[in-house]
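Assemble the whole structure, with the sequences as input and the hints as a guide.
Chains A and B, in that order, give the protein sequences.
Taking the working numbering, the leading residue of the first sequence gets 1, the next gets one more, and so forth.
Taking the working numbering, the leading residue of the second sequence gets 1, the next gets one more, and so forth.
Calculated directly from the structure, the hints in this document are not laboratory data.
Put simply, identical chains are the same to the list, so a pair is met inside one copy or across any two.
Listed below are the simulated DMTMM-like cross-link pairs for lysine to aspartate or glutamate, each with C-alpha atoms no more than 20 angstroms apart in a straight line:
#1 K247 to E219
#2 K33 to D231
#3 K27 to D185
#4 K294 to D146
#5 K294 to E153
#6 K33 to E219
2 protein chains.
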Amino acid sequence: MRRRHLIAALALITLLALPAIAAEQIKPTPTAKELLATSAPDEWRTPDPQNLLVMQLATGRVVIELAPDFTPLHAANIRTLARQHYFDGLAIVRVQDNFVTQWGDPASDDNGDKTKLRPLGKASSTLPPEYTRPIDPKLAWTPLPDGDVYAPEVGFSNGFPVARDPASGQEWLAHCYGMVGVGRDNGPETGNGSELYAVIGQAPRRLDRNLAIAGRVLEGMPLLSGLPRGDGPMGFYTRPAQRTLIKSVRLAAELPAAQQHPLQVLRTDSPTFAALLDAKRHRHDAFYAVSAGKVGLCDIDVPVRETSSAP
Amino acid sequence: MRRRHLIAALALITLLALPAIAAEQIKPTPTAKELLATSAPDEWRTPDPQNLLVMQLATGRVVIELAPDFTPLHAANIRTLARQHYFDGLAIVRVQDNFVTQWGDPASDDNGDKTKLRPLGKASSTLPPEYTRPIDPKLAWTPLPDGDVYAPEVGFSNGFPVARDPASGQEWLAHCYGMVGVGRDNGPETGNGSELYAVIGQAPRRLDRNLAIAGRVLEGMPLLSGLPRGDGPMGFYTRPAQRTLIKSVRLAAELPAAQQHPLQVLRTDSPTFAALLDAKRHRHDAFYAVSAGKVGLCDIDVPVRETSSAP
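Laid out in structure tokens, this is it:
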């Protein structure tokens, strides 16, 4: 919404024009870029390459981190599918506005030819739901202080947005922007990871605890969100030419080192992440006159960088 | 995430297979389509054509309802701009992933030629902020029961998502998906409606009370959200060819009747809207095993229909 980048200049003018105490009061909140620039190397986590899916679309690269702490059976099945090159030549088949982008086997669509379904090979065709799991006290847990409409407690574990219910002792991954879920039919055990979706709009938290979440997009969200919306029911494309081709999906561990472009994720139990949360909650600068004083779980995008960009 | 549309069939089978009392307990929540099909004509509101902006893009039509109950000076200025055909030939200049799509005069961009700025004519170049307003007891108010991370109270007034703070006596429009805000520079009185943005991702509620909201997109969101993301800082396009042309922006009141395609918005103080809220909070059917029991302000898309589709 900003037309010109006047923040730094205006903030400086303001600081110069006021006495020291006033300047202190209106000291602008540091930006995310400024906070990340002072982060320590050990505040960044390098995801296990066995948990990184590298999807090459016709339009570019999408990298997804699997979440075996929450959905281990789904992670294992998706790894099996990737190792078999199951996804190669499949496509993005559905883009529903303010909801999800979904990819998989076009033959599984309503109008698809079921005799042409690609076999799953050594992967399982059904899996236990893994929609929630018992709260694991060994997992790092960074609670958020401002509440949540949908769950008693929310926070982050190892870079993933998590909701918790102490009464039931359960926790689950939350359907925030960029989270990757497992498509299924009506039965709870009909998902297997061969059809995946990414959230591209307002977090559909009503899906929480009703679907397994496999992971999170670390890189390439615009390639999934910036697509023409599907013209069929639920955003399915009605013509094959509208689909985006998946050239390949590989585990990063299987790629030659030169193709891995290793990514790092800011640790959500790090001081810099805490400072980012604080800055987001209390942002006050030349543009923001009113600080929200709060932040919601799905309003936080956990920072990712390429290892090569680390100082 | 659903691969096939089995809900109706499965629900029927389940109802037939179980005794009456069990069938009653698992009666599927009505869908929005089913609830709207039984709505009464007077539950729909026809927006004043003086409040409808019809934006013809090279790719199709976007219709925006202005919100003069909340931002009357901005509505008046935008009407003045539209009557002057100010927007004709301007463009969508910025698409920032999970944030906003913004349109206006390309010459106002960082790298634009300021000598080529289009004059605002009879429109004001600055306006009072109108970020909040005193709570108006005469406005219809449909409160939501499940709380909000950012504001003490949230609900709907005349189809718009609203946040309230009884302590300060103020209310304001919330930055939900599809809401249209007024771009500005750092100063609070630098917005005038010549540059507008629509929210295309997770609701950036931190912007609430920091920017004026002019209205809401009633039709055509996919034309704003499904665009390639900008490659420059903050999602600005760096090359003119990436922009989407605005062929024209007109007030519906100025269009010939045949071009108006009048829209109706479900009244947010109607029984059918209340039923929709209830269904959303307690959704339970063949697909949803766990009902959220809650709903957030920005998770509700107020229904819109073309008058011609009214029964």
